[in-house]
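Produce the complete structure using the sequences and hints provided.
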Amino acid sequence: MPYTPENRERALRIIARYPERRSALLPLLHLAQDQDGWLSPDAMAEIAELLGIEPVEVLGVASFYTMYKRDRPRRLVVSVCTNVSCLVNGAGQVHEAVAEAFAADDEILVEEVECLAACDAAPVLQVNYEFHPVAGPEAAVALVEEYRRGDRTARGVSGGRALR
Amino acid sequence: MSVTETRIVTRRLREHPDAHTLERYLATGGYEALRRALQMTPDAVRDEQVTASGLRGRGGAGFGTGQKWSFLPAGVHPRYLVVNGDEGEPCTFKDHMLIEGDPHQIVEGAAIAAYAIGAHHAFCYVRGEFALGIERLERAVAEAYDAGFLGRDVCGSGYDLEMVVHPGAGAYVAGDETGLLSSLEGGRAMPRIKPPFPAVQGLYAAPTVVNNVETVATLPHIILMGGDAYARLGVGRSTGTRIFSVSGHVRRPGNYEVELGITFRDLIEGLAGGVRDGKRMKFFIPGGASSPWLLPDHLDEPLDMDHVTQNLRTMLGSGAVMVFDEDTDPALVAWRLARFFAHESCGKCTPCREGSDWLEKVLFRIAHGRGRPEDLDLMLSFGQTIVPDLDRTPFNQTTICALGPSTMSPVVSLDRWFRDEILERCGADRRRIPVVPA
Ligand SMILES: Cc1cc2nc3c(=O)[nH]c(=O)nc-3n(C[C@H](O)[C@H](O)[C@H](O)COP(=O)(O)O)c2cc1C
Ligand code: SF4
Ligand code: FES
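From first to last, the protein sequence lines stand for chains L and Y.
Every letter in the first sequence is one number past the one before it in my numbering, and letter 121, counting from 1, is 121.
Every letter in the second sequence is one number past the one before it in my numbering, and letter 336, counting from 1, is 1336.
Bear in mind the hints are in silico, worked out from the structure with no lab data behind them.
Take the hints with a grain of salt, since some may be wrong.
[To be verified] Computed far set for chain L versus chain Y, every beta-carbon distance over 10 Å:
| id | residue |
| --- | --- |
| 1 | Q35 |
| 2 | E49 |
| 3 | D71 |
| 4 | Q93 |
| 5 | E96 |
| 6 | E100 |
| 7 | F102 |
| 8 | E107 |
| 9 | L109 |
| 10 | A117 |
| 11 | L143 |
[Stated by the list, open to error] With the C-beta cut set under 8 Å, the calculated list includes, among others, these residues of chain L facing chain Y:
| id | residue |
| --- | --- |
| 12 | R17 |
| 13 | P27 |
| 14 | H30 |
| 15 | V61 |
| 16 | Y129 |
| 17 | R155 |
From the three backbone atoms N, C-alpha and C, an ideal C-beta is built for every residue, glycine too.
In structure tokens form, the structure reads like this:
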């Protein structure tokens, strides 16, 4: 999907902050992903046009970074850390339980990620880049369920940052 | 004698839950250091304050901050300051806390650094997963503009400074300073060969200084207390305080800001409460996933960057101390860290790209009961294509960035401290389970 008129304005403001426009690529990809729930080929083509580069260059960069999702739109991205401090605090079981509980839901992506820099609260996960320490597998599933039902408001799927 | 923290950089956020707001920042002496710095010449800030303080980078390599600034070629403009807030080194969580908890301190420190090096454009590259941190730092930057601490004519001094908060998108290698610059230019975060060093050809091929978040957050305090006074804290060439992130099997995991020179025991037992559940420690990792491991025998060694490198064959690195109890399988930890490195290798150098994958595969089979007796030596042998001399500290390398040699730290640690255990286990398992490639 192309940017909404409002987001296109934001995109132009972001580009203006950099001495060279291509530097705006990562923030523009986040903006598109927050809007659509993924990076569609259309969105990447529009970003290429805004930055004066080829769509394939946008794809080449987007595919390097784990936060960008290019397969289909999602409503929730659940990132479970399984690096060592979380691992020794039961993260393996947390990841398994959450992945299994939401395997059938196309709108939810459950992924295993590297250390999220919150190891004092291990095991931790993020829902749309919001941090949550979790007590164990059941608590983790219950938490994601609250987001799924809409009892908790989620950020955008790219973190929903307030870019000036 | 009980150990206490020495809170300088973490004091405000520990005392005030609203330390991230401009009101609280100003009410606790915020931006006074910037005002004072602007009354000095840039060279005086660099030489008489920062170089005199002995401050060394808190990002991992521990390079002298004032010295790094002095490498910028005179008279070449534009030039840039880049603050490294990518914090991806496993089990390091101090910059995350500083960004969320006290963002104005980073803005003020970055402004001081930019002034000292003569830059008019500064970028704060923040790890993309820190959504709240990015939001808070962006707000802090916006407030600083409104209050006249950024933008045209900062504090009426005639100095202009633009500051941009830039989100990453999930790539550990973007934390390497040259990988970060590639990423900030809108590319894949692939590191670049040095030389040229960023000080000569960095962002947009212009002279650039890259400094860690904690490094710049320390600068306002150096200005306020004076470089000489700061240098009196700490031990030897490890001056001042550092924030250590302690995690794993400890009673009180968390960030602890301490004067350098206290011992690992003070930190792990005194502050973090020691190993929990009445168990004993099996080993600990002293400076992030990239650093070789240590044993309980080393607990009385001091937190002194040079001592740890020269005498303990490891490093204080990013200040991440991971503690593992007696029931931990060291092969499992080694495999998980190897998987991290294999996943994060950018693929530019053959030894790192191929080697990290093979290490992961071999460690997987050891950790999962399918190891062969020759496996440890196999890894040490092909590992020499990444690190030609495994006895040297820090490791030398055949690769562009330091991620390559880091992949060998878990392996070298297994060999140093757990060789018999691993060999025994591989031998026994081999008799029991047929070998299939993992
Ligand atoms: C693979 C890799 C990852 C790194 N990650 C970080 C990081 O997340 N944050 C950081 O400040 N430095 C990181 N560094 C070190 C930086 O290259 C650089 O030395 C540092 O940002 C300089 O700042 P300092 O002098 O203030 O320490 C990393 C280095 C490598 C090789
Ligand atoms: S050492 Fe590894 S991560 Fe670093 S540049 Fe080479 S391939 Fe990339
Ligand atoms: S190991 Fe999970 S947050 Fe660091």
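Check your understanding: Hey, does D71 (chain L) actually stay past 10 Å from chain Y on C-beta?
Key -> holds (16 Å)
Check your understanding: Close enough to count: is the Cβ of H30 (chain L) nearer than 8 Å to one in chain Y?
Key -> Since the shortest Cβ distance to chain Y is 6 Å, the answer is holds.
Point to revise | Closest CB of chain Y to the CB of Q93 (chain L) still more than 10 Å away | key: holds (15 Å)
Point to revise | Per-residue hint verdict: Y129 (chain L), partner chain Y, C-beta under 8 Å | key: Because about 4 Å separates Y129 (chain L) from the closest Cβ in chain Y, which is inside the 8 Å limit, the hint holds.
Review point. Does the no-contact call for Q35 (chain L) survive, Cβ to all of chain Y over 10 Å?
Key: holds (15 Å)
Check your understanding: Are all beta-carbon distances from E96 (chain L) to chain Y longer than 10 Å?
Key -> holds (15 Å)
Review point. Taking the closest pair, is the beta carbon of E49 (chain L) still more than 10 Å from chain Y?
Key: holds (14 Å)
Practice item. Against chain Y, run the beta carbon of P27 (chain L) and see if the smallest gap drops under 8 Å. Key: holds (6 Å)
Review point. Can we confirm that no CB of chain Y comes within 10 Å of the CB of L109 (chain L)?
Key: Given that every Cβ of chain Y is farther than 10 Å from that of L109 (chain L), nearest at about 13 Å, it holds.
Review point. Should the interface hint for R155 (chain L) be scored as holding, given a Cβ-Cβ cut-off of 8 Å against chain Y?
Key: holds (6 Å)
Check your understanding: Hey, does L143 (chain L) actually stay past 10 Å from chain Y on C-beta?
Key -> holds (17 Å)
**Study point:** Distal placement of A117 (chain L) relative to chain Y, Cβ over 10 Å
**Key:** violated (4 Å)
Violated hint: 10 only; the structure is consistent with all others.
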